[in-house]
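Those protein sequence lines, which keep their order, are chains A and H. Under our numbering, the letters of the first sequence match residues 1 to 119, in that order. Under our numbering, the letters of the second sequence match residues 1 to 107, in that order.
Keep in mind the hints are simulated off the structure, nothing from the lab. From a predicted model like this one, the values you see are computed outputs, not experimental measurements. The C-beta atom is built at its ideal place from N, Cα and C for all residues, glycine as well. Treat each hint with caution, since some may be false.
[What the hints assert, rightly or not] With a straight-line Cα cutoff of 30 Å, these simulated BS3-like cross-link-like pairs (lysine-lysine) come out:
id, chain 1, residue 1, chain 2, residue 2
1, H, Lys-42, A, Lys-23
2, A, Lys-74, A, Lys-12
3, H, Lys-42, A, Lys-19
[As the list claims (entries may be wrong)] Label-pair restraints from in silico Cβ distances:
id, chain 1, residue 1, chain 2, residue 2, range
4, H, Ser-65, A, Ser-75, 42 to 50 Å
5, H, Glu-81, A, Arg-87, 35 to 43 Å
6, A, Thr-30, H, Asp-92, 21 to 29 Å
7, H, Gly-57, A, Val-5, 15 to 23 Å
8, A, Leu-11, H, Gln-24, 34 to 42 Å
9, H, Ser-67, A, Ser-17, 26 to 34 Å
10, H, Lys-107, A, Ala-88, 19 to 27 Å
11, A, Pro-14, H, Leu-54, 39 to 47 Å
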Amino acid sequence: QAQLVQSGSELKKPGASVKVSCKASGYTFTISTLNWVRQAPGQGLEWMARINPNTGNPTFAQAFTGRFVFSLDKSVSTAYLQISSLRAEDTAVYYCARSGFYSGAFDLWGQGTVVTVSS
Amino acid sequence: DIQMTQSPSSLSASVGDRVTITCQASQDISNSLNWYQQKPGKAPKLLIYDESNLETGVPSRFSGSGSGTHFTFTIISLQPEDIATYYCQQYDNLPYTFGQGTKLDIK
Chain A
1 QAQLVQSGSE LKKPGASVKV SCKASGYTFT ISTLNWVRQA PGQGLEWMAR
51 INPNTGNPTF AQAFTGRFVF SLDKSVSTAY LQISSLRAED TAVYYCARSG
101 FYSGAFDLWG QGTVVTVSS
Chain H
1 DIQMTQSPSS LSASVGDRVT ITCQASQDIS NSLNWYQQKP GKAPKLLIYD
51 ESNLETGVPS RFSGSGSGTH FTFTIISLQP EDIATYYCQQ YDNLPYTFGQ
101 GTKLDIK
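Assemble the whole structure, with the sequences as input and the hints as a guide.
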């Protein structure tokens, strides 16, 4: 069955970098868009970006420019989120989620990756 | 950015009750509205897409309606397993945006 499997929890110090992966299986990777959604502790959901597996070009929310890099490797059906110069406020659960090219409905989600930034 | 305002932010109801959550968009989003359920420690789950379409496998006690700027999510007979936080989400314009969530528990 279709699934998205994310990499494990990360504990990082402020200023470090982290790379989260999201591996797709059970469906054709190139017929859907991959999205990233952040959820800070005790908070709601915040859409970060989407990336077209065919072009590799991301579209992202303004709050996620600069320190955030969204990429993918079509050959292994995997999307990546890299965050550099980590700050305490980056502590959150990061989810990847699938949507159609013309639909913003996230019908398949990864299990989430907890990123904790603490000295 | 389009702001999505959900109400109430929390809600207590009894098993068997009809539960209604509303979501107001800051501008017309046509029917580009989805609803998700999130249980503690779990990823969100899509329940309703395109305002009123039930995702495959989702029980028929869940429904959605509305258009333009005002949307409603209803559980016609609350079950114990429905305890969760519910979010609306618009996809009419980028960036996609979510409501702040409605935490539902059993009275």
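Here is how each hint holds up against the structure:
For the hint pairing H:Lys-42 with A:Lys-23, the CA-to-CA distance comes to about 18 Å; that is within 30 Å, so the pair holds. The suggested pairing of A:Lys-74 with A:Lys-12 holds, with an alpha-carbon distance near 28 Å, which does not exceed 30 Å. Distance check on the hinted pair: H:Lys-42 and A:Lys-19 sit about 21 Å apart at the alpha-carbon level, within 30 Å; holds. Here the CB-CB span from H:Ser-65 to A:Ser-75 is close to 44 Å, well matched to the stated 42 to 50 Å.
A hinted range of 35 to 43 Å holds for the C-beta pair H:Glu-81 and A:Arg-87, which are about 38 Å apart. Separation of A:Thr-30 from H:Asp-92 is about 25 Å and conforms to the stated range, judged on CB atoms against 21 to 29 Å. Under the hint 15 to 23 Å, the C-beta atoms of H:Gly-57 and A:Val-5, about 20 Å apart, fit the expected range. Under the hint 34 to 42 Å, the C-beta atoms of A:Leu-11 and H:Gln-24, about 39 Å apart, fit the expected range.
Between H:Ser-67 and A:Ser-17 the beta carbon distance is about 44 Å. The supplied range of 26 to 34 Å is therefore violated. Between H:Lys-107 and A:Ala-88 the beta carbon distance is about 37 Å. The supplied range of 19 to 27 Å is therefore violated. Distance hint for A:Pro-14 and H:Leu-54: a CB-CB separation of about 45 Å, consistent with the stated range 39 to 47 Å.
When each numbered hint is compared with the structure, violations occur for hints 9 and 10.
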